[in-house]
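Sequences are here, hints too, so could you generate the full structure?
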Amino acid sequence: MDSANPKRSGVSRRGLATMGVAAAAAAALPGTPSAAAPVTKLRVEDRLAIQDLFTDYLWAYDCTDEAAFLELFTPDATVMGKATRYQGREAILGWFRYLIEMREREGDDIWMHEAGQFRYVRSGNAWIVYAYATHFNGNSAKGSKGVRSLGYFACECTRDGQGWKFNRFSISPWDRNKLPWKKPLPWAAG
Numbered sequence: 661m662d663s664a665n666p667k668r669s670g671v672s673r674r675g676l677a678t679m680g681v682a683a684a685a686a687a688a689l690p691g692t693p694s695a696a697a698p699v700t701k702l703r704v705e706d707r708l709a710i711q712d713l714f715t716d717y718l719w720a721y722d723c724t725d726e727a728a729f730l731e732l733f734t735p736d737a738t739v740m741g742k743a744t745r746y747q748g749r750e751a752i753l754g755w756f757r758y759l760i761e762m763r764e765r766e767g768d769d770i771w772m773h774e775a776g777q778f779r780y781v782r783s784g785n786a787w788i789v790y791a792y793a794t795h796f797n798g799n800s801a802k803g804s805k806g807v808r809s810l811g812y813f814a815c816e817c818t819r820d821g822q823g824w825k826f827n828r829f830s831i832s833p834w835d836r837n838k839l840p841w842k843k844p845l846p847w848a849a850g
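Counting in the working numbering, the sequence shown runs from 661 upward without gaps.
Take the hints with a grain of salt, since some may be wrong.
[What the hints assert, rightly or not] Capping the alpha-carbon separation at 27 angstroms, the derived lysine-lysine pairs in BS3-like fashion look like this:
1. 701 / 843
2. 701 / 842
3. 742 / 701
4. 838 / 701
5. 701 / 805
6. 742 / 838
7. 802 / 701
Rather than coming from a laboratory, the hints here were simulated on the basis of the structure.
Source: prediction; values computed, not measured.
Set out below in structure tokens:
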């Protein structure tokens with residue numbers, strides 16, 4: 661074989677050019693995930709929606725809005741507060757009222773919370789979300805303000821027809837010795 665007479669592959673130059681166009685067109689089609697392939701990464705839109713869920717929690721709590729607060733939880737949600745389990749919206753409302761009463765007893769007219777540094781871990785059909793929890797307080801009568809507590813959230817978030825909700829929720833004291841996602845989940849015991 662010499663360069664003037666190359667060996668034929670059975671594919672014409674026109675056919676070869678058409679294959680390139682077909683490959684480019686196929687690459688432009690949106691991908692469809694396989695039903696068997698598990699979702700291992702949370703879409704950016706869902707990450708932002710979960711962060712909005714935390715933001716709505718903080719605003720509802722700090723502004724003492726019971727209805728808005730309860731709407732953030734699934735009907736059968738579990739909240740772990742200081743090793744006490746609150747199951748269902750009625751119990752969660754009792755926990756919320758207890759916290760607001762504590763604020764009033766202490767004479768603080770300002771309680772503000774922040775959540776940040778989110779970490780998402782897949783758990784079946786839900787996502788376990790870890791975040792820093794910072795709680796500020798202020799007392800205008802005493803002229804005091806500061807950080808009341810530091811800790812972290814560990815929450816199981818699920819999506820329903822209305823968006824993301826808390827199905828399991830906890831706030832734990834800070835522990836500088838072990839990453840939260842390497843510990844048992846607070847609601848797992850009992």
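Evaluated hints:
no.: 1; hint: 701 / 843; in the structure: 21 angstroms, holds
no.: 2; hint: 701 / 842; in the structure: 19 angstroms, holds
no.: 3; hint: 742 / 701; in the structure: 31 angstroms, violated
no.: 4; hint: 838 / 701; in the structure: 24 angstroms, holds
no.: 5; hint: 701 / 805; in the structure: 40 angstroms, violated
no.: 6; hint: 742 / 838; in the structure: 19 angstroms, holds
no.: 7; hint: 802 / 701; in the structure: 48 angstroms, violated
Violation of the numbered hints given earlier is confined to hints 3, 5 and 7; the remaining hints are satisfied by the structure.
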